[in-house]
Amino acid sequence: MATATDDATDIGRRLLAGDERALADAYREWSSLVYSLAMRSLGDTSDAEDVTQKVFVKAWQGRAGFDPARAAVPAWLVGITRNTIADTHAARARQRALADQLGAVTIDDSHPSPEAGIAERLLIADEIAKLDPEPQTVVRLAFFDDLTHTQIADRLDMPIGTVKSHIKRSLARLRSRLEVSHGAAL
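Numbering (full-length UniProt numbering), first residue to last: 1 to 186.
Everything labelled a hint here was simulated from the structure, so no lab data went into it.
Values in this document were obtained by computation on a predicted structure and should not be read as measured data.
Heads up, none of these hints are tricks.
Straight line, CA to CA, 35 Å or less: simulated DSBU-like cross-link-like pairs of lysine-lysine:
#1 Lys130 / Lys164
#2 Lys54 / Lys130
#3 Lys164 / Lys54
#4 Lys168 / Lys58
#5 Lys58 / Lys164
#6 Lys168 / Lys130
#7 Lys54 / Lys168
Distance windows between CB atoms, simulated:
#8 Glu179 / Glu134: 18 to 26 Å
#9 Glu179 / Asp145: 24 to 32 Å
#10 Glu29 / Leu122: 39 to 47 Å
#11 Met39 / Arg13: 26 to 34 Å
#12 Lys130 / Ser32: 44 to 52 Å
#13 Thr9 / Ser31: 16 to 24 Å
In this text, a Cβ means the ideal position worked out from N, Cα and C, and glycines have one as well.
From just these sequences and the hints, can you work out the full model?
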């Protein structure tokens with residue numbers, strides 16, 4: 001009779017070999033563990049489901065970095081889960097910061113509708129599109145792709161200070177444009 005340790009060892013060996021069925025087996029075995037950790041930390045079903053999916057995608061993409069001598073598959077997955085949860089918390093913080101920086105765009109909401117929310121998002125997207133190309137790219141990577149300043153700097157081969165400056169200046173410019181162009185109370 002195979003033990004849980006034997007199963008984990010087999011799945012780890014197969015993952016390293018690039019066996020896609022091993023990923024399905026790992027998901028079947030440990031997705032509930034990953035989901036539980038994410039749900040406990042994030043408190044949101046949708047975010048926990050997203051984290052669970054991301055963890056297994058990262059596990060597959062990073063399987064060459066798995067070292068069975070250092071950790072068993074479940075422990076390795078827990079490490080990926082912790083990092084993914086931290087990334088999710090950071091993304092939430094960036095989204096809150098953007099909302100705080102831009103404030104709420106005031107649209108006549110005496111008759112709130114789904115269209116009002118869409119109009120608000122389109123308004124902000126339109127203002128972002130008016131930024132110069134480099135700051136626009138930095139803002140999009142930060143707030144739509146949820147990349148950290150360091151990740152943006154690496155991706156664009158740009159000093160981190162430049163990334164931070166672009167974000168700060170762009171948010172100030174966006175806020176100013178929204179106030180002037182749309183009479184928003186920011």
